[in-house]
Amino acid sequence: MKNKILTLFLGFMLLPGSWLVAQHAVWWSGSPPPGNTARDHSVSYGNGFAWQVALGTADSEDVGHDAIAVSSGGYLVVGSSFFYDGYTVTHTNLVLYRLNEEGDLQWEKSYAIENYKGYGSPYIIEKPDGGFIISAYMGSGSSLPRFILFNTDSHGDTISTISWRFEDYQFGGLELKMSSFDESFYVSYRLYPSNSHKTEIYKMGFNLDTLAYTEIHNLSFPEYVPKPFGYIHRGGRFDNVFYYYAINFQGEVLDSFPDPHGVYNPSTHNPYAIQSLRNGRNVFFRTVTTSPRVFQMATTTDDGEVLNVNPDCFNGDDIWWYNDAGGWNYSPHEFSDRSICMPYNFYFDWNDNYSIGLVKINSQGQLLGDTAMSRSAGSMMLVKVLEGADGRPVVFGTGENGPLGGPLTGDDIFIAKIESWNPVGVPKVNPTDTQPLRIYPNPTNDTVEVTIPAGATKGTLSVATPSGHIVHSQAVMANGEITLSAARWPTGLLIVSLTTPDRVFTTKLIKN
Numbered sequence: 001m002k003n004k005i006l007t008l009f010l011g012f013m014l015l016p017g018s019w020l021v022a023q024h025a026v027w028w029s030g031s032p033p034p035g036n037t038a039r040d041h042s043v044s045y046g047n048g049f050a051w052q053v054a055l056g057t058a059d060s061e062d063v064g065h066d067a068i069a070v071s072s073g074g075y076l077v078v079g080s081s082f083f084y085d086g087y088t089v090t091h092t093n094l095v096l097y098r099l100n101e102e103g104d105l106q107w108e109k110s111y112a113i114e115n116y117k118g119y120g121s122p123y124i125i126e127k128p129d130g131g132f133i134i135s136a137y138m139g140s141g142s143s144l145p146r147f148i149l150f151n152t153d154s155h156g157d158t159i160s161t162i163s164w165r166f167e168d169y170q171f172g173g174l175e176l177k178m179s180s181f182d183e184s185f186y187v188s189y190r191l192y193p194s195n196s197h198k199t200e201i202y203k204m205g206f207n208l209d210t211l212a213y214t215e216i217h218n219l220s221f222p223e224y225v226p227k228p229f230g231y232i233h234r235g236g237r238f239d240n241v242f243y244y245y246a247i248n249f250q251g252e253v254l255d256s257f258p259d260p261h262g263v264y265n266p267s268t269h270n271p272y273a274i275q276s277l278r279n280g281r282n283v284f285f286r287t288v289t290t291s292p293r294v295f296q297m298a299t300t301t302d303d304g305e306v307l308n309v310n311p312d313c314f315n316g317d318d319i320w321w322y323n324d325a326g327g328w329n330y331s332p333h334e335f336s337d338r339s340i341c342m343p344y345n346f347y348f349d350w351n352d353n354y355s356i357g358l359v360k361i362n363s364q365g366q367l368l369g370d371t372a373m374s375r376s377a378g379s380m381m382l383v384k385v386l387e388g389a390d391g392r393p394v395v396f397g398t399g400e401n402g403p404l405g406g407p408l409t410g411d412d413i414f415i416a417k418i419e420s421w422n423p424v425g426v427p428k429v430n431p432t433d434t435q436p437l438r439i440y441p442n443p444t445n446d447t448v449e450v451t452i453p454a455g456a457t458k459g460t461l462s463v464a465t466p467s468g469h470i471v472h473s474q475a476v477m478a479n480g481e482i483t484l485s486a487a488r489w490p491t492g493l494l495i496v497s498l499t500t501p502d503r504v505f506t507t508k509l510i511k512n
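Sequential numbering from 1 applies to the sequence shown in my numbering.
Honestly, the hints are just simulated from the structure, not real lab data. Just so it is clear, the structure is predicted and the values come from calculations on it, not from any experiment. Among these hints, one or two may not hold up.
Listed below are the simulated DSBU-like cross-link pairs for lysine-lysine, each with C-alpha atoms no more than 30 Å apart in a straight line [as the list claims (entries may be wrong)]:
| id | residue 1 | residue 2 |
| --- | --- | --- |
| 1 | Lys-227 | Lys-384 |
| 2 | Lys-458 | Lys-384 |
| 3 | Lys-177 | Lys-198 |
| 4 | Lys-109 | Lys-177 |
| 5 | Lys-458 | Lys-127 |
| 6 | Lys-127 | Lys-198 |
| 7 | Lys-109 | Lys-127 |
| 8 | Lys-227 | Lys-177 |
| 9 | Lys-458 | Lys-417 |
| 10 | Lys-384 | Lys-198 |
| 11 | Lys-384 | Lys-109 |
| 12 | Lys-177 | Lys-417 |
| 13 | Lys-109 | Lys-417 |
Make the full structure from the sequences, and use the hints.
Right, here's the structure in full:
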């Protein structure tokens, strides 16, 4: 570590490995845990859930921060439990939850440090030996704010900690990133000395030794991706084009290249994210705030060679909720089949709260599917989306008025595994094909809206159980939208099919 600005502590007063009383509840269905009352029933918007769980305690407000898929199977979630006296936070615990692939809680551990009331920006990564590294910002107590790393074993027990603070600088933007090409990880943050700004990045081994230290000065934006030679970092704007810099571990600029999207219009263009894919290529995402809103994607090599540009991956006419998606910069997640999941929060005026939407695109930026989830009882704030062992998305977030409750807004951490994408079973989009059948349950009653794809001007629309029992059938004479009553349909999985003279469109619906 850099001695002139960092102070090393190995003797923090931890509350060693304390176990919490495990409270683990089904979020949207089933009986509530003892002492709690059910608040709401889920709405499966465009699909269903394989399972849903909530994490937290009835005595605290519980907020999710990060989640990872564990190499031995299942998931690890890091969150905070805020305890109150009236409206004042008395103390906060940083909490790890270990779940198996089916969402069952295996164990949970809490961490607390004397004189600190809050933890911000916690992130977690898995070490090669099965243990974990947790980063967090600590503040709002009687001591100076600090960044801290927890080094734990595979059961969450603390092995060591390391922390640092900056008495003379404003700071923020803590990030923890795993290396995809060697056994190391990266800790970065932003400093603001004398009305300027710089990024400091530590490349570290899993024994917490510093392998490289990099200072990057006067680049206004914090986005970067690690590379074997150092980093690709978003730079400044020249002649209405953003540039990206290849920077080595010594902080020297090796090369630069323009944003593959081309000209930047500050009134309509919003750079969304840069990410390094599993094949080493770099993907750049951008939104265009026109009407309808448009999502763009471009792919390059490390030296900036443009491999692909898709100026209209999807837009607000393709996906009904996308025009209301917020500006939060949630990280895209690359799935094992090389598809990419774009997660969003969006404002849902029907429920007057924030809901979660997912969009699936392929490596060329072509739309594969979308789905969304909402609750009328309160907002659902997204944390992360991961890939389950069977390829289905697992959504992590924080929800208001959860089944475990809390002293103020009843925040609980939730995890939901998506039953299936909507549409289902489409490995790629061929431009010559008509779009697949789309279906959305109405969140407030028993109606279902079916969008008949363009080109399907005549056919039969049917809804059947998996055993083949038909619960609805009607003729279709033109494309457009059809509203159906689902009041008499059985609960559970239903197969929706549109049979035309030349093809069959099929998707699934889960009625709760």
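Hint numbers not upheld by this structure, sorted from lowest to highest | 2, 5, 9
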